[in-house]
Amino acid sequence: MKKLVLCFLILLLVGCGVETKVIKKADGDSKTYLFFKDFDPNNYYVELWDRNTHKNDDTKIIMARSDDKYYYEINGSNKMINIWKDGKLYTLDPLMKNYNVKESAVTDYAFGVLPNDMKALRTLGYETGEEKVFGKNYIYEKYVNNRDETTYYFDGDDLVYIRYIGAIRNVFFKYNLMKKVDKDLFEVPKDYMLITY
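As numbered in the numbering used here, residues 1 to 197 make up the sequence shown, in order.
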């Protein structure tokens, strides 16, 4: 009889996960808002690990912004740096120590990945529940904006993964760190040679 009761309790516990629910209007208490509450969408430096193909990809993605200057770096088997400032795109090749420049509007790779309006995020509705990612369960918070969807995955209060699904791109990242942006990041190193086409 004890074994039967024990088996019943185990089945009950296994079946009890985190219930999926929809929060229509938050009150500054979402895990996402609490994690990012000191985040400045106009001045940031964030490092992520690419998880689009597999869980151990060592490609580092760096996104940074200082007002109207943007920085985007992919550092993996290849390394590429893009800097947008003053209406121009500077594409740097750290291996060859050269760069080129062209007129270009900003491509904001942080769109959909990082919050862009902290005041709105404080009360924004979301879906929350539990989802398995790479074999481990995480609490998630999913935000939908028109047809775009951003999901933040948490282990306790710690952000672990970010998934963005949009009309023209889908990305999946592992969060690494966030810190104050260094304004020197937006300068082309003096020893890089300008290449013109």
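Rather than coming from a laboratory, the hints here were simulated on the basis of the structure.
Note that this is a predicted model, so its numbers are computed, not measured.
You may find that some hints are simply not true.
[Said to hold, decoys possible] Result set (PhoX-like, lysine-lysine): computed pairs, CA atoms no more than 25 Å apart in a straight line:
#, residue 1, residue 2
1, LYS142, LYS60
2, LYS31, LYS97
3, LYS136, LYS119
4, LYS97, LYS69
5, LYS55, LYS136
Hint check:
1. LYS142 <-> LYS60: holds (24 Å)
2. LYS31 <-> LYS97: violated (41 Å)
3. LYS136 <-> LYS119: violated (32 Å)
4. LYS97 <-> LYS69: holds (21 Å)
5. LYS55 <-> LYS136: holds (12 Å)
Violated hints, in rising order: 2 and 3; the structure is consistent with all others.
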